[in-house]
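Enquirer: Chain by chain, the residues run as shown.
Number of protein chains: 2
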Amino acid sequence: MDYYSNRMQTLIEELSRLPGVGAKSAQRLAFHIVNMPVESVEKLAGAMTDARKSIRYCKRCCTLTDREYCPICSSPSRDQSTIMVVENPRDLAAYEKTGKYDGLYHVLHGAISPALGIGPSDIRLKELMARLASEDIKEVIIATNSSLEGETTAMYISKLIKPTGIRVSRIASGVPVGGDLEYIDEVTLLRALEGRVEL
Amino acid sequence: MDYYSNRMQTLIEELSRLPGVGAKSAQRLAFHIVNMPVESVEKLAGAMTDARKSIRYCKRCCTLTDREYCPICSSPSRDQSTIMVVENPRDLAAYEKTGKYDGLYHVLHGAISPALGIGPSDIRLKELMARLASEDIKEVIIATNSSLEGETTAMYISKLIKPTGIRVSRIASGVPVGGDLEYIDEVTLLRALEGRVEL
Chain L
-10 MDYYSNRMQT LIEELSRLPG VGAKSAQRLA FHIVNMPVES VEKLAGAMTD
40 ARKSIRYCKR CCTLTDREYC PICSSPSRDQ STIMVVENPR DLAAYEKTGK
90 YDGLYHVLHG AISPALGIGP SDIRLKELMA RLASEDIKEV IIATNSSLEG
140 ETTAMYISKL IKPTGIRVSR IASGVPVGGD LEYIDEVTLL RALEGRVEL
Chain E
-10 MDYYSNRMQT LIEELSRLPG VGAKSAQRLA FHIVNMPVES VEKLAGAMTD
40 ARKSIRYCKR CCTLTDREYC PICSSPSRDQ STIMVVENPR DLAAYEKTGK
90 YDGLYHVLHG AISPALGIGP SDIRLKELMA RLASEDIKEV IIATNSSLEG
140 ETTAMYISKL IKPTGIRVSR IASGVPVGGD LEYIDEVTLL RALEGRVEL
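Chains L and E supply the protein sequences, listed in that same order. All letters in the first sequence, in the order written, are residues -10 to 188 by the working numbering. All letters in the second sequence, in the order written, are residues -10 to 188 by the working numbering.
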């Protein structure tokens, strides 16, 4: 494989370590990168190292941020009595994009998975319980994924919180809006039926 | 969109400029990157800038390399009398992977495309003709893609070379019509090479 330059090879190898980047796309990206203006490559490379070096967990909700407290936790306009629990910062971002949720978040950085050996102490649950003890929280909305791990985590957290008297809720599962019934799996269809609401 | 840190936003924006990287995958990659060890991020960022800064065209075949002459052009074990003409370095890589072609290459960096306004002077054709005048070449194998542009380029080149008396061939159409060389399996590539026909 020495028909490219050594540095091209190194770049291709480094790129192919990224998730979802196979050998072919690493090669394609590498050729794109060496054809970019030098300043653009430096901007991209700098953005990576800057982001990595500045990133940390928000002291309150554990999402990724470059400050002590993330923008949401530092905002006085957010409802300080509601916490939505999500598995990762991308899920937080998904709910923020709706623009309709104005409470706080708590990011677990994972979900309980006996199969993968991920227990309650491997996710940011201790931090959530500490918040419930110190902050004046009225409701915890559990928005973990509706996968096996997400459901397990939701059940576990709800059992932990129930004794505190704080309201615990779970986001509804059912047919996605705009979804065509015939393309939706049976488990979802059944869940939607069970969760039907009076009109 | 200020629920991430500014530096995360910058990283996501920079990543989404890459080809084939949409908003979702840029976000996914960014989260992966900030979760990587600092040294790994520095290695990746460094590989990009190093590759970009060192890259140039081989003085002989015009492929991308970090030396004056690429490894293939500098190798005395390659057949110095045969040139395979390809559109880009990825196509060169595709043929090298077969391990069965031992001649030289010439990389055009594009193909003639009247629709896109790319003419013969926009690709490295002048350099090819200079080689044919100065090197002792017995055969030129045209391995441009079997797309409209690739075929147009092949015809153009063959007409240019014919008067010199040098043998000109075209890789066989074992390559599917409309196919991109870099995505084709090695057996097909070899079959196409073996079945090449005189133009």
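In short, the hints are calculated from the structure, not lab data. Each hint should be verified, as a subset may be incorrect.
Which copy is meant is left open, because identical chains are indistinguishable; a pair holds if it fits in one copy or across any two.
[Said to hold, decoys possible] Straight-line C-alpha distance at most 30 Å; calculated BS3-like pairs for lysine-lysine:
1. Lys13 <-> Lys151
2. Lys42 <-> Lys151
3. Lys32 <-> Lys115
4. Lys32 <-> Lys86
5. Lys127 <-> Lys42
6. Lys127 <-> Lys13
7. Lys89 <-> Lys32
8. Lys148 <-> Lys32
9. Lys89 <-> Lys13
10. Lys89 <-> Lys115
11. Lys127 <-> Lys32
12. Lys115 <-> Lys48
13. Lys13 <-> Lys148
14. Lys42 <-> Lys32
15. Lys48 <-> Lys13
16. Lys148 <-> Lys42
17. Lys86 <-> Lys13
These numbers were taken from a predicted model, which means no experiment stands behind them.
Enquirer: Indicate which option fits the pair Lys115, Lys48 if close means a Cα-Cα distance not exceeding 30 Å: within, between, both or neither.
Expert: Cα proximity of Lys115 and Lys48: one copy only (13 Å, versus 62 Å across).
Enquirer: Please work out whether the CA atoms of Lys127 and Lys13 approach to 30 Å or closer within one copy, between two copies, in both situations, or in neither?
Expert: neither (51 Å within a copy, 33 Å between copies)
Enquirer: Should Lys127 paired with Lys42 be assigned to within, between, both, or neither, using CA atoms and 30 Å as the limit?
Expert: neither (36 Å within a copy, 56 Å between copies)
Enquirer: Within a copy, between copies, both or neither: where do Lys127 and Lys32 come within 30 Å Cα-Cα?
Expert: Cα proximity of Lys127 and Lys32: none, with 44 Å in one copy and 46 Å across.
Enquirer: Pop the pair Lys42 and Lys32 into one bin, within, between, both or neither, using alpha-carbon distances up to 30 Å.
Expert: both (15 Å within a copy, 13 Å between copies)
Enquirer: If the cut is 30 Å between Cα atoms, do Lys13 and Lys148 qualify within a copy, between copies, both or neither?
Expert: neither (47 Å within a copy, 34 Å between copies)
Enquirer: Measure nothing new, just compare the shortest in-copy and cross-copy C-alpha distances for Lys32 and Lys86 to 30 Å and report within, between, both or neither.
Expert: within (26 Å within a copy, 33 Å between copies)
Enquirer: When no copy is specified for Lys32 and Lys115, does a C-alpha distance of 30 Å or less occur within a copy, between copies, both, or neither?
Expert: neither (38 Å within a copy, 34 Å between copies)
Enquirer: Could you place Lys48 and Lys13 in one of the four classes (within, between, both, neither) given a Cα distance threshold of 30 Å?
Expert: Between copies only: 26 Å across, 40 Å inside.
Enquirer: For the identical chains here, do Lys13 and Lys151 meet the 30 Å Cα criterion within one copy, between copies, both, or neither?
Expert: Neither: 51 Å inside a copy, 36 Å across copies.
Enquirer: If the cutoff is 30 Å on CA atoms, where do Lys148 and Lys32 land: within, between, both or neither? Let me know, please.
Expert: Neither: 47 Å inside a chain and 44 Å across chains, both beyond 30 Å.
Enquirer: Is it within, between, both, or neither for Lys89 and Lys13, if the alpha carbons may be no more than 30 Å apart?
Expert: Between copies only: 21 Å across chains, 40 Å inside a chain, cut-off 30 Å.
Figure legend: structure checked against the earlier numbered hints; hints not met, in rising order: 1, 2, 3, 5, 6, 7, 8, 11, 13, 16.
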